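Number of protein chains: 8
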Amino acid sequence: MPMDPKKLHTLLQNVAAGNISCENAQAVLTGHVHEELTLDPWRQARTTIGEVVFGQGKTLEQIRISLEELGRHHPVLATRICAAHGQALLDFFPHGCLWEEAGLFCLGADLLSADPKAPNSDVIIVTAGSSDLPVAREALGTARFLGLSAHLVTDVGVAGLHRLQPHLPSLRQAKVVIAVAGMEGALPSVLGGLVKAPIIAVPTSTGYGANFAGLTPLLAMLNSCAPGVGVVNIDNGFGAAALAKKILAGS
Amino acid sequence: MPMDPKKLHTLLQNVAAGNISCENAQAVLTGHVHEELTLDPWRQARTTIGEVVFGQGKTLEQIRISLEELGRHHPVLATRICAAHGQALLDFFPHGCLWEEAGLFCLGADLLSADPKAPNSDVIIVTAGSSDLPVAREALGTARFLGLSAHLVTDVGVAGLHRLQPHLPSLRQAKVVIAVAGMEGALPSVLGGLVKAPIIAVPTSTGYGANFAGLTPLLAMLNSCAPGVGVVNIDNGFGAAALAKKILAGS
Amino acid sequence: MPMDPKKLHTLLQNVAAGNISCENAQAVLTGHVHEELTLDPWRQARTTIGEVVFGQGKTLEQIRISLEELGRHHPVLATRICAAHGQALLDFFPHGCLWEEAGLFCLGADLLSADPKAPNSDVIIVTAGSSDLPVAREALGTARFLGLSAHLVTDVGVAGLHRLQPHLPSLRQAKVVIAVAGMEGALPSVLGGLVKAPIIAVPTSTGYGANFAGLTPLLAMLNSCAPGVGVVNIDNGFGAAALAKKILAGS
Amino acid sequence: MPMDPKKLHTLLQNVAAGNISCENAQAVLTGHVHEELTLDPWRQARTTIGEVVFGQGKTLEQIRISLEELGRHHPVLATRICAAHGQALLDFFPHGCLWEEAGLFCLGADLLSADPKAPNSDVIIVTAGSSDLPVAREALGTARFLGLSAHLVTDVGVAGLHRLQPHLPSLRQAKVVIAVAGMEGALPSVLGGLVKAPIIAVPTSTGYGANFAGLTPLLAMLNSCAPGVGVVNIDNGFGAAALAKKILAGS
Amino acid sequence: MPMDPKKLHTLLQNVAAGNISCENAQAVLTGHVHEELTLDPWRQARTTIGEVVFGQGKTLEQIRISLEELGRHHPVLATRICAAHGQALLDFFPHGCLWEEAGLFCLGADLLSADPKAPNSDVIIVTAGSSDLPVAREALGTARFLGLSAHLVTDVGVAGLHRLQPHLPSLRQAKVVIAVAGMEGALPSVLGGLVKAPIIAVPTSTGYGANFAGLTPLLAMLNSCAPGVGVVNIDNGFGAAALAKKILAGS
Amino acid sequence: MPMDPKKLHTLLQNVAAGNISCENAQAVLTGHVHEELTLDPWRQARTTIGEVVFGQGKTLEQIRISLEELGRHHPVLATRICAAHGQALLDFFPHGCLWEEAGLFCLGADLLSADPKAPNSDVIIVTAGSSDLPVAREALGTARFLGLSAHLVTDVGVAGLHRLQPHLPSLRQAKVVIAVAGMEGALPSVLGGLVKAPIIAVPTSTGYGANFAGLTPLLAMLNSCAPGVGVVNIDNGFGAAALAKKILAGS
Amino acid sequence: MPMDPKKLHTLLQNVAAGNISCENAQAVLTGHVHEELTLDPWRQARTTIGEVVFGQGKTLEQIRISLEELGRHHPVLATRICAAHGQALLDFFPHGCLWEEAGLFCLGADLLSADPKAPNSDVIIVTAGSSDLPVAREALGTARFLGLSAHLVTDVGVAGLHRLQPHLPSLRQAKVVIAVAGMEGALPSVLGGLVKAPIIAVPTSTGYGANFAGLTPLLAMLNSCAPGVGVVNIDNGFGAAALAKKILAGS
Amino acid sequence: MPMDPKKLHTLLQNVAAGNISCENAQAVLTGHVHEELTLDPWRQARTTIGEVVFGQGKTLEQIRISLEELGRHHPVLATRICAAHGQALLDFFPHGCLWEEAGLFCLGADLLSADPKAPNSDVIIVTAGSSDLPVAREALGTARFLGLSAHLVTDVGVAGLHRLQPHLPSLRQAKVVIAVAGMEGALPSVLGGLVKAPIIAVPTSTGYGANFAGLTPLLAMLNSCAPGVGVVNIDNGFGAAALAKKILAGS
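From first to last, the protein sequence lines are chains A, B, C, D, E, F, G and H.
Under the working numbering, the first residue of the first sequence is numbered 1, with each subsequent residue one higher.
Under the working numbering, the first residue of the second sequence is numbered 1001, with each subsequent residue one higher.
Under the working numbering, the first residue of the third sequence is numbered 2001, with each subsequent residue one higher.
Under the working numbering, the first residue of the fourth sequence is numbered 3001, with each subsequent residue one higher.
Under the working numbering, the first residue of the fifth sequence is numbered 4001, with each subsequent residue one higher.
Under the working numbering, the first residue of the sixth sequence is numbered 5001, with each subsequent residue one higher.
Under the working numbering, the first residue of the seventh sequence is numbered 6001, with each subsequent residue one higher.
Under the working numbering, the first residue of the eighth sequence is numbered 7001, with each subsequent residue one higher.
What the hints contain is simulated information worked out from the structure, not anything from laboratory work.
Wrong hints could be hidden among the right ones.
[Unchecked claim] Calculated pairs, DSS-like style, for lysine-lysine (alpha carbon to alpha carbon, straight line, at most 27 Å):
{"id": "1", "chain 1": "H", "residue 1": "Lys7196", "chain 2": "F", "residue 2": "Lys5196"}
{"id": "2", "chain 1": "B", "residue 1": "Lys1196", "chain 2": "A", "residue 2": "Lys196"}
{"id": "3", "chain 1": "D", "residue 1": "Lys3196", "chain 2": "C", "residue 2": "Lys2196"}
{"id": "4", "chain 1": "E", "residue 1": "Lys4196", "chain 2": "G", "residue 2": "Lys6196"}
Small disclaimer: the values here were computed from a predicted structure and weren't measured.
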């Protein structure tokens, strides 16, 4: 079966731009084996989480092609989408869903509808301060994309522990707690001593001076005196939600 | 009810040695409120994992007292127990269980009996090289203490990926995979792309030169390109098993 | 007035050993101006805290000479005294006071008598875990040497916050709180949100792996989300007590 | 009592924007319990220092809402306010007080009126060089907001110690000295050897090359050879003044 | 022989601008010894690789002069050329070759023509993700400039190892494999365990948070558990190709 | 004698802007003691090098005032002057001398006239690559300002050692050699093994990746295997020339 | 075929000691599939370099078993063997070859016989100072084990470059140059500018203070201004020789 | 002329021990060209400082051979000599001079005789505390070996600046001041603002916690706000004296 002309055009443009090696293009043109351009469409079946487009440092064109390819058969999510790229993607995919404050864009899913079960979600995302919100939203949107029941509890940093009190009943029934904190990163330790659920700790780059762009809360979380805390990369809300998905997939 | 004389003697010796503040002793002597000496006996009910004795940097006497107090009603585990302390604890608690190679000692549980379900355990602990074994054993013994079904897969580092092949069926049915690796710490990324279970990554201080005592695999694991990886502290086999326990407690 | 022969002998021995420069010796021998061998005997009048002998890395002889000189008119304290040096100093100064577990030795004061006002001391020293005790004892002994009313509250780390509850009344009336913690170093933040007193935070080298010998709690304490926290060097119990003295000297 | 419509509108806009979780909104709408949106209005009574708005990285809207809520009953301070936000806040709160060079904005207090008692203030803020001025001003403005008597001494870095001489009488009567320095950060050590008051050391990011954005003076201050120095985070003028407030509140 | 007037003018302009010291100018004007302005025209004969112009941080004028001098007798390459400089150089040298996406410009060679032998090149450049492409292109263009047979294999990161499978035959016949990866930098270890060729590992600054601008993959590659891996600086595609050239020059 | 009205106006404006404390202003107004506003006019007599204005991070107004005050009786130098500030200063001080490429501006001296003694200067400034030129020019201009005989030797990095050969005679008669290098910073070691003069090593932030903004050459220079090398801060051309001045002042 | 009793005994002992998991033992006992205990005997065919036993941190028993297994059909090398282990291995394998100063032990090869072709070897190992010798010897012994023609040139650090002169003819005909250096690590840069062969750079932990156990030469080598340098881990003489083997295997 | 038998024996022993390569031995045996075993006997003529034996990490035999070779015609110094090696060297070279506290041993010079000119020496070595003495003694002994007039001023750290006062007259006439300090390393800045001589700053590893083995004073000294400070490696007393020698050689 001959290749679709528009697709062929795109392919050749990518070869010209150096995005696709000659070898890959030749494979596509002869046997259609690599039609997906080294994308990994079976990852979801293998690992419960399909391939996601990491948008930071990519051109709009690269993001668009990846979304188009991956989104042909499944819903697909792109993260770290800046505002300008987000609007341009909406123009291209009018049925897509953009959550600008979370830096997320997706096809085939809804990132914005709140969880009807709240405050009894399986996943509760807790932030220490309001500067941690963008990372917490990336986690919340990703969790929704992955089909998890999730909601946010904000601004319960350890300098005012009484603010945590009213949330303890729902935190104690949660299956996974994602703790998002910058500065000294003490929130996961406090939560880890209070609840049964595993804690996924997300350090944020919130802070200044000796915070060193998130290194301080990262180290603090790795040294938590409360057992049962798993840490992901600085500002990695997506990774926290993906880990929650893998934890809940087995339950 | 008056205090048991032997207990009183121990208490006063601890005051003399500065282990217990006067205030605490007074509270114990008057109202018996703090009989447990600031130990935290209800932690298990609250968090699924009871208080554990971290033996590193403690005197034999401190470890012994803590085990005695915490072990009165529940099984209790001590980690980072050196060989000399381990033997001395066995003399004191003849029914205790010592696993010297894992640095573990416990009362009321069995650390050494292999899991009858293996190779279909819920938790599989995978090591990159044989130098990672002590950490992997700390994780295995802790998992057993916490009542988890667990077994080891050893020496499947990424320089010889074919060695991973025969273990894939059991890894794919596991509920949690603990990946223990030093050097470049690439094992969790490879496993994360192959299996459905959440990966708990444990960097070890195995290596030399620019390994910086485990910093290199720690950073590598935090930057894993495979989603669904939660990282614990360097050499923290105990923490990995505790996180597995919390994950499985909810399933 | 000619120099005392024993003193002259000591002086010459020190010149021979390179402890005292020729220039200094000459000054002493001609005008007796520098009899104190560059010690700083007026520091107490100037700064409220007299010169203290830092024993780490010094020979027994160096420590002994400094104690002898400084202790002629005032009480004098030596810190970081190892057990062997401590016993040898007791032989030399039979009226001295040694607190081995705190690494302290002093002349002219009592390091060991508990504060009769406890639990209503001006200074309360709080530790997160029992591994923090040596540093807390250095702070306690120094505080006593400096004439402060002080006592210890131990083992109230943030993984079991309910343990802090019974101590809140005394913590809320304290004038200075010294918080000693290793691992993630979250204790000062929690205390800073609960009490009126200034918090002096002392990171300890307790921990392992990514704790980096106290760097993690040091950074965490500097990034505390609770205002009113001043940080001293890692394991610097002496410095914390000295700062408490300066704070209370003005009140 | 039904909710004020404008307030309700703001609440719903915040829910839509993800600033407030559904759970929190529900609590506000039903019982008015959390009208303050997780703000912490009782913090001042508990810790002597009320909640302060940290403006860095926040939107104008977030800052405005927080000021409005917190400022209803008490004076309230916002720090790290950029020039553009400062002017916009003045438009919104015409009675507010803006100190642009200090990055401060407040309601209900005066940041700019000099202390009539100077040069005999309780708090003296000393800078090493003129590049340290913005941090020193943040400390000065915060001190004034907190009701402290404070003034500045500038440009007395250790390369020209004689410049410190004329200020020694007032420094010797001060109750707290705040030393602000970048580069090698030696000023607190020199001051600590000259005066009775506790020294609060503030490292600044002034310098270049191996200064590493304030890391060098931070480390130097933590290693001060003069006892009685407490260190706060890099560029944290606010934190220094808050610690001074807690120190003086007890005197 | 008198100096060419245009050349003399350029020389004097450079003296005025401080680009050339008086001493150098004098040497040129009297004996014509240093006509090349401290360039190193015999480097190629000595080391197989001629002098290359590193464009980062240089003015357009500095780059242009260097290209003109070095390109008089040999082909010459400039790296790290930004888009604006690239276009301006094309205006000046209309026969030059610009590869904007690779940041390369050269005279006397062709950077863009694909290798006719692919997929059986001597040098195969493998990338983990599409963000690594700019560095891989710098390596590919440099390899072409140096006369090597080379091609790209893209997007075969370790989270989807099966993508590597179809390329194994050509990788196994390659003489040098250049592995370009950011994030956890595991690709060289996996390749090193699969192929006979030496691996040149190029860490990239792709990633975020605890990636620390390429430090994480750099450390990981230095700690590779597979022997036979040589590492070059972060993002140093040029250096990788130069090392490949030296390796193949001797074969 | 009453104060000059214009001066008084400036003073009061500075008080209003918080540049001068009330205490300082009062001292100036009553006794004229501190007319220089904490500047240090006797520094030159004390240390051979007068006070210099470090322009980085300062406003144009701050720089202008300092130049005016310090330049009243002596020549005065300002460093790290950006192009815009430089032009504005020329407008204000038409007799000043601006060297834009070196970031220098001065009153009462000439930064640009080459040394007539070259190539037999007392101070020779050697650079490894052309990216090191701005730092070398800062050193050259400062040396000229301080009255030293100095000239530049450029582009003699260790990858082409033969380029050093023609300069050895003059380097061997120099009294001080300033070696400016980025990347691996090996130039001072090579020079230190070849010449008699003390080597002042200046690491530059030239490079990328694992250069870490000059940290790599800084560390390399501190570890030089050739004795007789003194290191100054990264990019600190001014400091190198000042050290040369102090060395030559005593000869 | 039933298992050899002695082998069975060893197997069971290893299970008891936790060296082999139950699963692995079961596999061995039933189908003899994993007789090699996860060793990787086909690695040599796949990558030209067989599996090597890294002795550091292993027990004598672990090293002995690995040597026995791997050495059954091929020569086998163990690195980082301490003196005590070396002697004990000689007792066990009387035909083995021990090079104590290099920390090497092997079966089936000769580490000690010098290369008859020297000084015209393919591989020349160059050291900066005599403290680099142990690492250079590890490289030399490994090269000999791998069948390469190799010899040493010692003590030609950059502080005395003339010492390099007499070796230039042989260095210029070498196919690979391994440069071993501590301190400032400048040797590879100088060599890279003088010879045609690829340079393998090995930083050593020789030095003190700001050398940071080899970090300084590691960074310097990664930033080499001479192209064609590949860096291996600190003190990794083995890795350098393995890379040389892979380079020469293709020639 | 045939080789001296004893010398030949030594040569062959060194070949056997791997200290000398076959190539070097062959060169010595045939043409006697390299009789000095790659030592650098002309270094003194070239650089004013002859080759010195760095004893740390070397065997007694290596040190002894180097001293014997280098000491044949000139005085020779060995540094970092431990007590045991020192005594053994004295047995071998009974006319040698050992200064145990300074870690120095030399042939042909006297390290111990004090300078008759003191306190008017050309070089004054100033220490902040008594823990800095070993490094200061290494500098003093080296200075004496190099023929400089030098003496020590001890214990004048910045916490007690008045102790510096009596030494100012001699410091102001010195030609070079070497400032040795650990902890916060502020001494060079203070001295640099007081005296005319160039300051050579030597950071020491004295301190604990966040001192990081001398990194803190190293960074502080590089960031000195006083111009005219050159820094050498941590604990490098030898290097400071060598730089002083080069400075004074030209005067």
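Hints, verified against the model:
1. H/Lys7196 x F/Lys5196: holds, 23 Å
2. B/Lys1196 x A/Lys196: The hint holds at about 23 Å.
3. D/Lys3196 x C/Lys2196: Cα-Cα ~23 Å, so holds.
4. E/Lys4196 x G/Lys6196: holds, 23 Å
The structure shown violates none of the earlier numbered hints.
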